[in-house]
Amino acid sequence: MVDRRHDGSTDRTGFDETRNYLSDALGRVVPRAVARRAIDVAVRTDAAEYAPDEPVTINVVIRNRLPVPVEVPTSTHRSWGWAVDGVTEATDERRYVRDEESALSLRAGETKRATATWNGRFRRTADEGLDRSVGAERGEHTISVFVPVPDADERHEAATQIRIR
Numbered sequence: 006m007v008d009r010r011h012d013g014s015t016d017r018t019g020f021d022e023t024r025n026y027l028s029d030a031l032g033r034v035v036p037r038a039v040a041r042r043a044i045d046v047a048v049r050t051d052a053a054e055y056a057p058d059e060p061v062t063i064n065v066v067i068r069n070r071l072p073v074p075v076e077v078p079t080s081t082h083r084s085w086g087w088a089v090d091g092v093t094e095a096t097d098e099r100r101y102v103r104d105e106e107s108a109l110s111l112r113a114g115e116t117k118r119a120t121a122t123w124n125g126r127f128r129r130t131a132d133e134g135l136d137r138s139v140g141a142e143r144g145e146h147t148i149s150v151f152v153p154v155p156d157a158d159e160r161h162e163a164a165t166q167i168r169i170r
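Under this note's numbering, think of the first position of the sequence shown as 6, with each following residue one higher.
None of these hints come from the bench; they were simulated from the model. Cβ coordinates follow ideal geometry from the N, Cα and C atoms, glycine included. Some hints could be false.
Said to hold, decoys possible - For each label pair, taking beta carbons as the anchor points, the in silico distance ranges come out as:
id : residue 1 : residue 2 : range
1  : 62        : 145       : 17 to 27 angstroms
2  : 143       : 118       : 25 to 35 angstroms
3  : 82        : 50        : 24 to 34 angstroms
4  : 140       : 105       : 33 to 43 angstroms
5  : 53        : 105       : 35 to 45 angstroms
All chains should be built: construct the whole structure from the sequences, respecting the hints.
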């Protein structure tokens, strides 16, 4: 998941993060409780059914429903994430994401789009500390995306079902 910015640099979150300082300032004025409710998260995949080990393209859409900019605080440095059957990025390996809070900024009515690709496998850490890759079982699987807000009860999440045949 790589996005090119207007200046040619890479944005690791997949979003175009062109800085708008006026929007940032106004976004801080909107109360956090309102800002958290203002965003809408959606997810879809490129197909409903896949062969074993076939890559799944995950399309993420995060939208600000308000006509004013908002800044949504996040519990980690990550502004969004994805999971398969509740397993973040389909791995149980230790994640090295800074725990410091950050924020997801959206301009008035802005929609941010990103894509991620799941290879159809889960990374598992074995008892001896070695990692192994395990293919997803045949059947239904849930692909979800989320914005990690500090209050888990207010977490913005969307999910879709796929089938491995």
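Structure versus earlier hints, numbers of those that do not hold, lowest first: Failing hints: none at all.
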